[in-house]
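Sequential numbering from 116 applies to the sequence shown in this note's numbering.
Hint data in this document are derived by calculation from the structure and do not stem from the laboratory. Hints are not guaranteed to be accurate.
[As the list claims (entries may be wrong)] So the derived label-pair ranges between C-beta atoms look like this:
#, residue 1, residue 2, range
1, Arg154, Ala229, 40 to 46 Å
2, Arg129, Lys188, 51 to 57 Å
3, Arg179, Thr124, 25 to 31 Å
4, Arg213, Val181, 17 to 23 Å
5, Arg154, Gly209, 21 to 27 Å
C-beta: ideal position from N, C-alpha, C; glycine also.
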Amino acid sequence: MKTEACPVTEVLDRVAGKWSLGILTAAAHGPVRFTELERAIHGISRRMLTLNLSRLERDGLLTRTVHPTVPPKVEYDLTAMARELHTSLIGLVGWAERRRSSVTEARAAHDAAAERSPEAG
Numbered sequence: 116m117k118t119e120a121c122p123v124t125e126v127l128d129r130v131a132g133k134w135s136l137g138i139l140t141a142a143a144h145g146p147v148r149f150t151e152l153e154r155a156i157h158g159i160s161r162r163m164l165t166l167n168l169s170r171l172e173r174d175g176l177l178t179r180t181v182h183p184t185v186p187p188k189v190e191y192d193l194t195a196m197a198r199e200l201h202t203s204l205i206g207l208v209g210w211a212e213r214r215r216s217s218v219t220e221a222r223a224a225h226d227a228a229a230e231r232s233p234e235a236g
């Protein structure tokens, strides 16, 4: 059976998702445990964290290591592919930080123009 490659939009949707970005950023500084991720990502539920960790592991972006201790110690780490992605994300985040006030100003100007001319919208 031939496996077709994922479309680019599917890959981008996965890695640019709200929770994926937080997980990839939180795991970028080395192996991290589930509870550390849970604390680092504001607003994520345990279920959503579990689902996203599984998806990112399936996509080859995270490795999951279970240490044979009692209780078991589980750590997540970025793969080489995810580290490459993280480098790109740093650039994107930097751009967003530099341009957020410009975006805010553009929104305000657009909204003000729309209020003056509602039929032009």
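Against the structure, the hints:
1. Arg154 with Ala229: 40 to 46 Å: holds (41 Å)
2. Arg129 with Lys188: 51 to 57 Å: violated (27 Å)
3. Arg179 with Thr124: 25 to 31 Å: Taking Cβ atoms as reference, Arg179 and Thr124 lie about 26 Å apart, which means the hint holds.
4. Arg213 with Val181: 17 to 23 Å: violated (41 Å)
5. Arg154 with Gly209: 21 to 27 Å: Because 25 Å falls inside the window, the suggested range holds.
Figure legend: structure checked against the earlier numbered hints; hints not met, in rising order: 2, 4.
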